[in-house]
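Chemist: What follows is each chain in one-letter form.
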Amino acid sequence: MTEINLDKSSVRDLNVELQGGSSGDKFSVNNTVGKHALSVGLTTAVNVEINGHVGYYCAGMNQQANIVINGNAGPGLAENMMSGEVRITGNASQYAAATAHGGLLVIEGDSSSRCGISMKGVNIVVGGSIGHMSAFMAQSGCLVVCGDAGDALGDSIYEAKIYVRGNVKSLGTDCIEKEMRDEHKAELKELLMQSKMNHGVEEFRRYGSARKLYNFDIDQVDDY
Amino acid sequence: MSKDNPTLIESATFPRHVIAEIQRAAKTGIYDIRGFGAKRDIPTFDDLVFLGASTSRYPLEGYREKCTTEVILGNRFAKNPIHLKTPITIAGMSFGSLSAQAKESLGRGATIAGTSTTTGDGGMTPEERGHSKTLVYQYLPSRYGMNPDDLRKADAIEIVLGQGAKPGGGGMLLGQKISPRVAQMRNLPEGIDQRSACRHPDWTGPDDLEIKIQELREITNWEKPIYVKVGATRVFYDVTLAVKAGADVVVVDGMQGGTAATQDVFIEHVGIPTLPAVRMAVEALQEMDMHRKVQLIVSGGIRSGADVAKALALGADAVSIGTAALIALGDQSPEFDDEYKAIGSAAGFWDDYQAGNDPAGITTQDPELAKRLDPILGGRRLANYINVLTLELQTLARACGKSHVHNLEPEDMVALTMEAAAMAGVPLAGTDWIPGKGGI
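Heads up: the sequence lines are chains A and B, in that order. Quick note on this note's numbering: the first sequence kicks off at 1 and runs consecutively. Quick note on this note's numbering: the second sequence kicks off at 1 and runs consecutively.
Please keep in mind that the hints were generated in silico from the structure rather than gathered at the bench. Worth double-checking, as some hints may not be accurate.
[Stated by the list, open to error] SDA-like mimics (lysine to any residue), calculated; alpha carbons at most 25 Å apart, straight line:
{"no.": "1", "chain 1": "A", "residue 1": "K26", "chain 2": "B", "residue 2": "N221"}
{"no.": "2", "chain 1": "B", "residue 1": "K153", "chain 2": "A", "residue 2": "G121"}
{"no.": "3", "chain 1": "B", "residue 1": "K27", "chain 2": "A", "residue 2": "Q220"}
{"no.": "4", "chain 1": "B", "residue 1": "K79", "chain 2": "A", "residue 2": "K26"}
{"no.": "5", "chain 1": "A", "residue 1": "K212", "chain 2": "B", "residue 2": "D208"}
{"no.": "6", "chain 1": "B", "residue 1": "K153", "chain 2": "A", "residue 2": "T44"}
{"no.": "7", "chain 1": "A", "residue 1": "K35", "chain 2": "B", "residue 2": "E210"}
{"no.": "8", "chain 1": "B", "residue 1": "K153", "chain 2": "A", "residue 2": "Q19"}
{"no.": "9", "chain 1": "B", "residue 1": "K244", "chain 2": "A", "residue 2": "V33"}
{"no.": "10", "chain 1": "B", "residue 1": "K27", "chain 2": "A", "residue 2": "Y214"}
{"no.": "11", "chain 1": "A", "residue 1": "K212", "chain 2": "B", "residue 2": "M172"}
{"no.": "12", "chain 1": "B", "residue 1": "K79", "chain 2": "A", "residue 2": "G20"}
{"no.": "13", "chain 1": "B", "residue 1": "K153", "chain 2": "A", "residue 2": "A45"}
{"no.": "14", "chain 1": "B", "residue 1": "K79", "chain 2": "A", "residue 2": "S9"}
{"no.": "15", "chain 1": "A", "residue 1": "K35", "chain 2": "B", "residue 2": "A25"}
{"no.": "16", "chain 1": "A", "residue 1": "K35", "chain 2": "B", "residue 2": "N221"}
{"no.": "17", "chain 1": "B", "residue 1": "K244", "chain 2": "A", "residue 2": "V11"}
{"no.": "18", "chain 1": "A", "residue 1": "K178", "chain 2": "B", "residue 2": "E190"}
{"no.": "19", "chain 1": "A", "residue 1": "K178", "chain 2": "B", "residue 2": "P189"}
{"no.": "20", "chain 1": "A", "residue 1": "K35", "chain 2": "B", "residue 2": "F77"}
{"no.": "21", "chain 1": "A", "residue 1": "K35", "chain 2": "B", "residue 2": "K27"}
{"no.": "22", "chain 1": "A", "residue 1": "K212", "chain 2": "B", "residue 2": "Q176"}
{"no.": "23", "chain 1": "B", "residue 1": "K79", "chain 2": "A", "residue 2": "G21"}
{"no.": "24", "chain 1": "A", "residue 1": "K212", "chain 2": "B", "residue 2": "G169"}
{"no.": "25", "chain 1": "A", "residue 1": "K212", "chain 2": "B", "residue 2": "E210"}
{"no.": "26", "chain 1": "B", "residue 1": "K27", "chain 2": "A", "residue 2": "D222"}
{"no.": "27", "chain 1": "A", "residue 1": "K35", "chain 2": "B", "residue 2": "D208"}
{"no.": "28", "chain 1": "A", "residue 1": "K212", "chain 2": "B", "residue 2": "G175"}
{"no.": "29", "chain 1": "A", "residue 1": "K212", "chain 2": "B", "residue 2": "Q263"}
{"no.": "30", "chain 1": "A", "residue 1": "K178", "chain 2": "B", "residue 2": "G191"}
{"no.": "31", "chain 1": "A", "residue 1": "K212", "chain 2": "B", "residue 2": "D32"}
{"no.": "32", "chain 1": "A", "residue 1": "K35", "chain 2": "B", "residue 2": "W222"}
I would like the entire structure built from these sequences, with the hints used as guidance.
Modeler: Printed below as a string of structure tokens:
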């Protein structure tokens, strides 16, 4: 285990060290005090434990790495993640996993507005609740919410799937509740298991695209 | 007034094209979406002229005395700034809006001419990377095809906040251009209309942008120059904020800048012309003492070496061409006039880039049409065109006695109209008068 103390090392030093790590290497990062762009652009299956709160874009564009944050995160946690796993024990601010293409993001606490905006294949599991406009223009991947969802969930959603256990304040344009078929139950069960969330799949409801806005139609203009 | 019947007087308020648009709107119920750039008559670089050297200044000998054109972009923070042989670069245009062959042609042409080309929405294709010696990778709101591997393969990163054709607007790639390959690169189903977001999904405002730039630099080891591109509107403030956020290069795109698909009302009525935009950007850089430290690239309606020379004389470090580059490849060619006419247009008027049925095979994903453009020949034409612009630029610079094109300055020019004098901040010809700045 290599320890990096951000009281002594700069963010540049930290990222150089983590980006240069080999698969299986273990790092612990301390004294984060909300610094931005921590542990970004990793490309190998290193294990990083971050102790403390982090600022914007922590774990941005992650590939392969397994990153655990023991604290809360600012905006854009794991933005554009490609693969690997990012887990946060606290809450995440806006735009968590924005545009992320792959991998798994687990938020044990709550996630603020626009969680999973434009997601492109990532799986996101939120232990708590999510804010408004989450999964806006979500393209693919799954967003699992064990708590409640805020206003306009899944507005203008494409092919992403949303599973919510609690209440949905309102659905966004073109987002509808959909049947929970066996393949969805299996997918959800697997995600709950991977993220270590102890809920039954039957407690969840599924939401997705009505696909009415896929091609511009003047008669649908009031929906926009 | 009709030439056949002098008693028929056309209305200035309702000329035929306005009437036709009202009729079209009434028939279809939808606004006009098209490509190309603004078509209205606005003040341009044509309204400026150079004061060649004579008694008080001496010129340089054409073809004999050196007039260099090299430009370095992005040496503020980046470890590996861009070195170009000519200050004429190729603007961002997407694979999706353009065929793979057209993108390859742009890469080939730029490489022969010693300049850079730029990706667009939808990500980087191997053809484009492979054929482009210097490739700028656009970081756009949609993040279609965005991934850190391609980011690291790029020579520079351009964060796009806006575009001259539509500052404040996103894009729309209509379903007919969403081929299986385009769909796969953008993680979306085939054949659906793809909306490109108008603002970035993970930040709002200049303070966030500063952190975003830090993140991109951390991911790419502080090697790549970071450009910030804005559509020309509140140019002074936008340039100031981009520099404050840490940009190495600022790109300002005037309202004449082209687009692949935008509402006509947006193209014609939002944004300001390139002419005042250059001056405002330079003023912002000078006020921060960052002129020539953060480089300025100007685009939007650049067509000739004269346009390039005038943009540089106002203080730009380089220019970008988009529409003109497509014309050099073969867009609007009379060779396809019959086919343009068959789809209700004509060579020289074609603007339905969104339709995907481009007879020249450039703004299309139809494999049969796309085959019409030979990327080697297209690249050669583009290189020829850039070389001509560079020669014209040098001709004008030598005439003003400049041994480097960056030595051109506002003092070398006067304006032919009061509007241009006010916008460019150079005197009206024959006077010392710059409107808004006093003088005789």
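Chemist: Next, verify each hint and record whether it holds.
Modeler: Going down the list of hints, with the structure as the test:
Among the hinted pairs, K26 of chain A with N221 of chain B is consistent with the structure: their alpha-carbon atoms are about 21 Å apart, no more than 25 Å. Between K153 of chain B and G121 of chain A the CA atoms are separated by roughly 22 Å; this keeps the pair inside 25 Å, and the hint holds. The straight-line distance between the Cα atoms of K27 of chain B and Q220 of chain A is roughly 17 Å, inside the 25 Å bound, and the hint therefore holds. Proposed proximity of K79 of chain B and K26 of chain A is contradicted: the alpha carbons are some 29 Å apart, above 25 Å.
Simply put, K212 of chain A and D208 of chain B have alpha-carbon atoms about 34 Å apart, too far for the 25 Å limit, and the pair is violated. For the suggested pair K153 of chain B and T44 of chain A, the alpha carbons sit about 18 Å apart, so the restraint of at most 25 Å is met. Only pairs whose Cα atoms come within 25 Å are accepted, and K35 of chain A paired with E210 of chain B is accepted, the gap being roughly 13 Å. Under the criterion of a C-alpha separation no larger than 25 Å, the hint pairing K153 of chain B with Q19 of chain A is consistent with the structure, at around 16 Å.
Straight-line distance between C-alpha atoms of K244 of chain B and V33 of chain A comes to about 24 Å, which keeps the hinted pair within the 25 Å bound. With a CA separation close to 23 Å, the supplied pair K27 of chain B and Y214 of chain A stays within the 25 Å bound. For the proposed pair K212 of chain A and M172 of chain B, the alpha carbon gap of about 17 Å is at most 25 Å, so the pair holds. Using a Cα cut-off of 25 Å, the hinted pair K79 of chain B and G20 of chain A holds, with the two alpha carbons roughly 18 Å apart.
Restraint check for K153 of chain B and A45 of chain A: the C-alpha separation of about 21 Å stays at or below 25 Å, so the hint holds. Under the criterion of a C-alpha separation no larger than 25 Å, the hint pairing K79 of chain B with S9 of chain A is consistent with the structure, at around 21 Å. Taking the CA atoms of K35 of chain A and A25 of chain B, the gap is about 53 Å. The hint is violated against a cut of 25 Å. This hinted pair checks out: K35 of chain A and N221 of chain B have alpha carbons roughly 18 Å apart, not beyond 25 Å.
Taken as a hint, the K244 of chain B and V11 of chain A pair is honoured in the structure, with Cα atoms around 20 Å apart against an allowance of 25 Å. Under the criterion of a C-alpha separation no larger than 25 Å, the hint pairing K178 of chain A with E190 of chain B is consistent with the structure, at around 22 Å. Between K178 of chain A and P189 of chain B, the direct Cα distance comes to roughly 19 Å. Compliance with the 25 Å bound is thereby established for this hinted pair. For the hint linking K35 of chain A to F77 of chain B, the alpha-carbon distance of about 20 Å falls within 25 Å, and the restraint holds.
A C-alpha spacing of about 57 Å is found between K35 of chain A and K27 of chain B, which places the hinted pair above 25 Å, so the restraint is violated. In summary, the hint linking K212 of chain A to Q176 of chain B is supported, as the alpha carbons are separated by about 17 Å, within the 25 Å threshold. This hinted pair checks out: K79 of chain B and G21 of chain A have alpha carbons roughly 22 Å apart, not beyond 25 Å. Of the supplied pair hints, the one linking K212 of chain A and G169 of chain B holds, its CA atoms being roughly 22 Å apart against a limit of 25 Å.
With a C-alpha separation of about 38 Å, the suggested pairing of K212 of chain A with E210 of chain B is violated against the 25 Å cut-off. Of the supplied pair hints, the one linking K27 of chain B and D222 of chain A holds, its CA atoms being roughly 19 Å apart against a limit of 25 Å. Distance check on the hinted pair: K35 of chain A and D208 of chain B sit about 13 Å apart at the alpha-carbon level, within 25 Å; holds. Distance restraint check for K212 of chain A and G175 of chain B: the Cα-Cα separation of roughly 14 Å lies within the 25 Å cut-off, and the hinted pair is therefore satisfied.
This hinted pair checks out: K212 of chain A and Q263 of chain B have alpha carbons roughly 22 Å apart, not beyond 25 Å. As the CA atoms of K178 of chain A and G191 of chain B are separated by approximately 23 Å, the hinted pair is consistent with the 25 Å bound. For the suggested pair K212 of chain A and D32 of chain B, the alpha carbons sit about 22 Å apart, so the restraint of at most 25 Å is met. Restraint check for K35 of chain A and W222 of chain B: the C-alpha separation of about 18 Å stays at or below 25 Å, so the hint holds.
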